[in-house]
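Chains as they are written, first to last, in this note's numbering: chain A, 1 to 381; chain B, 1 to 98; chain C, 1 to 479.
One should not assume that every hint holds.
[Unchecked claim] Listed below are the simulated DSBU-like cross-link pairs for lysine-lysine, each with C-alpha atoms no more than 35 Å apart in a straight line:
| # | chain 1 | residue 1 | chain 2 | residue 2 |
| --- | --- | --- | --- | --- |
| 1 | A | Lys283 | C | Lys2 |
| 2 | B | Lys86 | A | Lys283 |
| 3 | B | Lys86 | C | Lys225 |
| 4 | A | Lys283 | A | Lys99 |
Honestly, the hints are just simulated from the structure, not real lab data.
The chain contents come next:
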Amino acid sequence: MADVIVIGGGIHGCSAAFHLARRGVSVQLIEKDTIGRHASGVNAGGVRQIFRALPEIPLSIAAMRLWERIEDLLDDDCGFVAQGHLFVAENDAELEQLKARRDTIVAAGFDHEELIGASELRGLVPALAGHCVGALISRRDGAALPFHTVQAFRRQMRRLGVGVAEETRVTALRRTSSVWAVETAQGDRFEAPVVVNTAGAWGAAVAAQVGERVEMQAVAPMLMISERVAPFLSQVISAAVAPLSFKQFANGTVLIGGGYEGRAHPDVNRTDLDFRKLSRNAKTVYDLFPVMRGARIIRAWAGIEGRMSDGIPVIGPSQAETGLFHAFGFSAHGFQLGPIVGSIVADLIIDGTTELPIDAFSIRRFNASEAGSRPGYSAGI
Amino acid sequence: MFRRLPETYQGWVSLTIDGGVCVGREGDSVAALLLEAGYAACRNSAVSGEPRGPYCMMGVCFECLVEIDGIANRQACLVPIAEGMKVETGAGRRKVTP
Amino acid sequence: MKRLASVDDLPASCDLAIIGAGPAGLAAAAAAAECGLHVLVLDENPEPGGQIYRGLGAAPASRRQILGRDYERGDSLLSGMLGSTASYLSGATVWMASRDLEIGVSKDGMSRIIGARRILLATGALERPFPILGWTLPGVLTAGAAQGLLKSSGMVPQGPFVLAGTGPLLWLLASQLIAAEAPPLAILDTTLLATRSSVVGALPAFLASPYLLKGLRLMRSVRRKVRVIGGVTELRALGEGHLRSVAYRVGRGKTETINVEGLFLHQGIAPNVNMASAAGCDLAWDRVQLCWKPVTDSWGRSSVPGISIAGDGAGISGAEAAAGFGRLCGLDAAARLGRISEAERDERALPARRELSRYARGRRLLDLMFQPPDTFRRASPDAIVCRCEEITGRQVTEIVADFGEVGPNQLKSYLRCGMGPCQGRLCGLTVTEMIAAERNVSPSEVGYYRLRFPIKPVTLAEIATLPHDDDDVRAVVRG
Numbered sequence: 001m002a003d004v005i006v007i008g009g010g011i012h013g014c015s016a017a018f019h020l021a022r023r024g025v026s027v028q029l030i031e032k033d034t035i036g037r038h039a040s041g042v043n044a045g046g047v048r049q050i051f052r053a054l055p056e057i058p059l060s061i062a063a064m065r066l067w068e069r070i071e072d073l074l075d076d077d078c079g080f081v082a083q084g085h086l087f088v089a090e091n092d093a094e095l096e097q098l099k100a101r102r103d104t105i106v107a108a109g110f111d112h113e114e115l116i117g118a119s120e121l122r123g124l125v126p127a128l129a130g131h132c133v134g135a136l137i138s139r140r141d142g143a144a145l146p147f148h149t150v151q152a153f154r155r156q157m158r159r160l161g162v163g164v165a166e167e168t169r170v171t172a173l174r175r176t177s178s179v180w181a182v183e184t185a186q187g188d189r190f191e192a193p194v195v196v197n198t199a200g201a202w203g204a205a206v207a208a209q210v211g212e213r214v215e216m217q218a219v220a221p222m223l224m225i226s227e228r229v230a231p232f233l234s235q236v237i238s239a240a241v242a243p244l245s246f247k248q249f250a251n252g253t254v255l256i257g258g259g260y261e262g263r264a265h266p267d268v269n270r271t272d273l274d275f276r277k278l279s280r281n282a283k284t285v286y287d288l289f290p291v292m293r294g295a296r297i298i299r300a301w302a303g304i305e306g307r308m309s310d311g312i313p314v315i316g317p318s319q320a321e322t323g324l325f326h327a328f329g330f331s332a333h334g335f336q337l338g339p340i341v342g343s344i345v346a347d348l349i350i351d352g353t354t355e356l357p358i359d360a361f362s363i364r365r366f367n368a369s370e371a372g373s374r375p376g377y378s379a380g381i
Numbered sequence: 001m002f003r004r005l006p007e008t009y010q011g012w013v014s015l016t017i018d019g020g021v022c023v024g025r026e027g028d029s030v031a032a033l034l035l036e037a038g039y040a041a042c043r044n045s046a047v048s049g050e051p052r053g054p055y056c057m058m059g060v061c062f063e064c065l066v067e068i069d070g071i072a073n074r075q076a077c078l079v080p081i082a083e084g085m086k087v088e089t090g091a092g093r094r095k096v097t098p
Numbered sequence: 001m002k003r004l005a006s007v008d009d010l011p012a013s014c015d016l017a018i019i020g021a022g023p024a025g026l027a028a029a030a031a032a033a034e035c036g037l038h039v040l041v042l043d044e045n046p047e048p049g050g051q052i053y054r055g056l057g058a059a060p061a062s063r064r065q066i067l068g069r070d071y072e073r074g075d076s077l078l079s080g081m082l083g084s085t086a087s088y089l090s091g092a093t094v095w096m097a098s099r100d101l102e103i104g105v106s107k108d109g110m111s112r113i114i115g116a117r118r119i120l121l122a123t124g125a126l127e128r129p130f131p132i133l134g135w136t137l138p139g140v141l142t143a144g145a146a147q148g149l150l151k152s153s154g155m156v157p158q159g160p161f162v163l164a165g166t167g168p169l170l171w172l173l174a175s176q177l178i179a180a181e182a183p184p185l186a187i188l189d190t191t192l193l194a195t196r197s198s199v200v201g202a203l204p205a206f207l208a209s210p211y212l213l214k215g216l217r218l219m220r221s222v223r224r225k226v227r228v229i230g231g232v233t234e235l236r237a238l239g240e241g242h243l244r245s246v247a248y249r250v251g252r253g254k255t256e257t258i259n260v261e262g263l264f265l266h267q268g269i270a271p272n273v274n275m276a277s278a279a280g281c282d283l284a285w286d287r288v289q290l291c292w293k294p295v296t297d298s299w300g301r302s303s304v305p306g307i308s309i310a311g312d313g314a315g316i317s318g319a320e321a322a323a324g325f326g327r328l329c330g331l332d333a334a335a336r337l338g339r340i341s342e343a344e345r346d347e348r349a350l351p352a353r354r355e356l357s358r359y360a361r362g363r364r365l366l367d368l369m370f371q372p373p374d375t376f377r378r379a380s381p382d383a384i385v386c387r388c389e390e391i392t393g394r395q396v397t398e399i400v401a402d403f404g405e406v407g408p409n410q411l412k413s414y415l416r417c418g419m420g421p422c423q424g425r426l427c428g429l430t431v432t433e434m435i436a437a438e439r440n441v442s443p444s445e446v447g448y449y450r451l452r453f454p455i456k457p458v459t460l461a462e463i464a465t466l467p468h469d470d471d472d473v474r475a476v477v478r479g
């Protein structure tokens, strides 16, 4: 019998298993498909601190310190490149919004987001359309390769003796007097004193097994990738208002995202694309990066992600049972947090506490007696 | 690499390949004309730079990519030749014009 | 037939959208239009005919003579569509045909999304990959490419060349090139004698089929004029920057070399499943034809309601069978849309069904006889598996060793194998079979690349300028 069962083999589950195993805990990870099959393996790979909801910032900063030594941690550079992440403003009104964001951050005691003007912007991003007036930049931010990152965690897990059961879907989670009993569709039964719920878009279903309610939707954020284009961009680009996530990889391909949603069908592992929305996304790039106009889009896709109603994840102990810990619902911005979330989960399990402030992420916020007493955490507020 | 069979006369079409005048017949695809004009290779791979040329002649392999009338990376086997067309070979990574 | 000029001419919707104007698409268009359906045919090529009837409309008499009588059978299919009420847009790349029955079409740098009440995928087949060392050298093409050049431009290979591989198309091409007085130096035949029991089992049906006499006559006449080297077990294309020679071995004999300027490869064809797969149609592995086929019922209906599949795109069955099945699908569409009753559909379908069973007879033996040997279905360590991304056989086998129970999609994410513009059309089968061989499981268990739209590249500008209405963007997740 393992010490801990981890349900869900995306980046957060693998990170949790890794951090636990490093500290001598025996772990059994159960994944309904294959490691990194869903959101963790197919996202835009953004490794950013910029424009996060305030409660996430301390975690993001701690995660960034791990990213900056990711090769030491995982024996793999995960394709991490940090040339900065910018949110560009196309006019003065948008620049005002970015200024307001900067003020909020500074007031909260953080200084990683800076405002820059048109001339520095043009120097950093020469391919950007001339009408842009300025930007908010976080210079240490960047991007990595999501599937490679998860596989790097997988290799370390294997090295540390973590048991991995893929193509194994949890159907029931029940607490007996001293242990959890986990049953699967494949007919297995696993037991352990502690369970970690890192089941992503399926995390709500796992929480529901112990009667814990959350407000989460399975969504399908869409992405497009281009053919190889001669290098013209080294930073990650977003826009102040229009949804955009735009970056060029070392091999020249350009990734376009931003959060436009297709349709998710989590029960059958399927997403449907919406080309009218992709058209809006493409139009934003068309306006901001004229050099991309003739570039060919080779493929579009969408993973299955869990989006919480308030835009921030669930992290922390279950409020219904002892020995159950949640880390799911990262609402399309969990990748960068992956390395630190696993460490937080390990702290909670082994030490009973963690140094980083995680109260805002508690699952209890969905079971508060007064409905509507919960603040909205969309970015920038 | 290919030659024409002696057949009854059809409309001739003149165009340029890499700046040089080339004459083809109505109904030729750009790739067919390239092969007849001796271009077994029409580009360099964007990955390694090795020379590549038409392979399937039916639009599935994406090897016969050339620039036609200013538009890069067009599948030459799917484009019928036209009078005055400008074909440029050798586009590997899609060039970015500022 | 109404010939449209641009995507602006496309109707916002139609009864039946047919993708592909090969024999299946042509026959379906005529049959459906006859029943009063509003039919739209979309095809990538400048003229209808698909691969098999490529160039038929403009082919001079001397070329028809060379190509043979089977080529001319396409005349009635072409005139069937020309004389119908169907609309037709040529040079149109269909990059999407979704389960919502929406179709993304691109022509001359402009794209549109239109709707249809039913969709027929008639996208045909493509040549099986043939990943020998050096297959990416300029000067190496498929046998289908050579045949297409003969059909559309009356061109034949110049300089010394050989044909290599297995399959009826190789023999047909050889006979056509001989008729055109441009014979190959040799045919390097990789055909294996299939296991006795499977061949014997399929023999009676073959003897009663239309293929037998035609095929035997063809092979005999080719053997009289061209050197055929049978039992080839190794093949390599050699040269620096261009094909210079082909090296081969017969059995375990010594390696021989032939100096050539052209090498035309063929080891069968496989359904082009990219559109069907991206639309969500279930695929199944065919253990005899060694390829993926969409799952369809006796009327060609796929697992996605509203999408039917006909012709070689549903399973390799030849041009005549493709036309027959196309006709069935056209009639079925009319019945599904209530234009004719099911009884009337069944009645009108009888002649086509009879033809189909005639052509199905003997197909199995052909498939068994010409099964490409497994060594040629996999790539050696130094040979390229994925041409677009230049991934070698060694890279594929190493990843399988590292991951263990891996599938093509993890390989793709990790190595970029299958991520190029061809979207796995030239590497997918090789990858599935190599993984299956390394893991010692069936290809069926391994699966295939997960394909998505656009199934052919579309420019950013085209996607950005897709016409759309205002109630689009709802829940946007700031990621």
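Do the hints match the structure? See the list:
1. In summary, the hint linking Lys283 of chain A to Lys2 of chain C is supported, as the alpha carbons are separated by about 33 Å, within the 35 Å threshold.
2. Using a Cα cut-off of 35 Å, the hinted pair Lys86 of chain B and Lys283 of chain A holds, with the two alpha carbons roughly 29 Å apart.
3. With a C-alpha separation of about 42 Å, the suggested pairing of Lys86 of chain B with Lys225 of chain C is violated against the 35 Å cut-off.
4. Taken as a hint, the Lys283 of chain A and Lys99 of chain A pair is honoured in the structure, with Cα atoms around 25 Å apart against an allowance of 35 Å.
The earlier numbered hint that this structure contradicts is number 3, and it is the only one.
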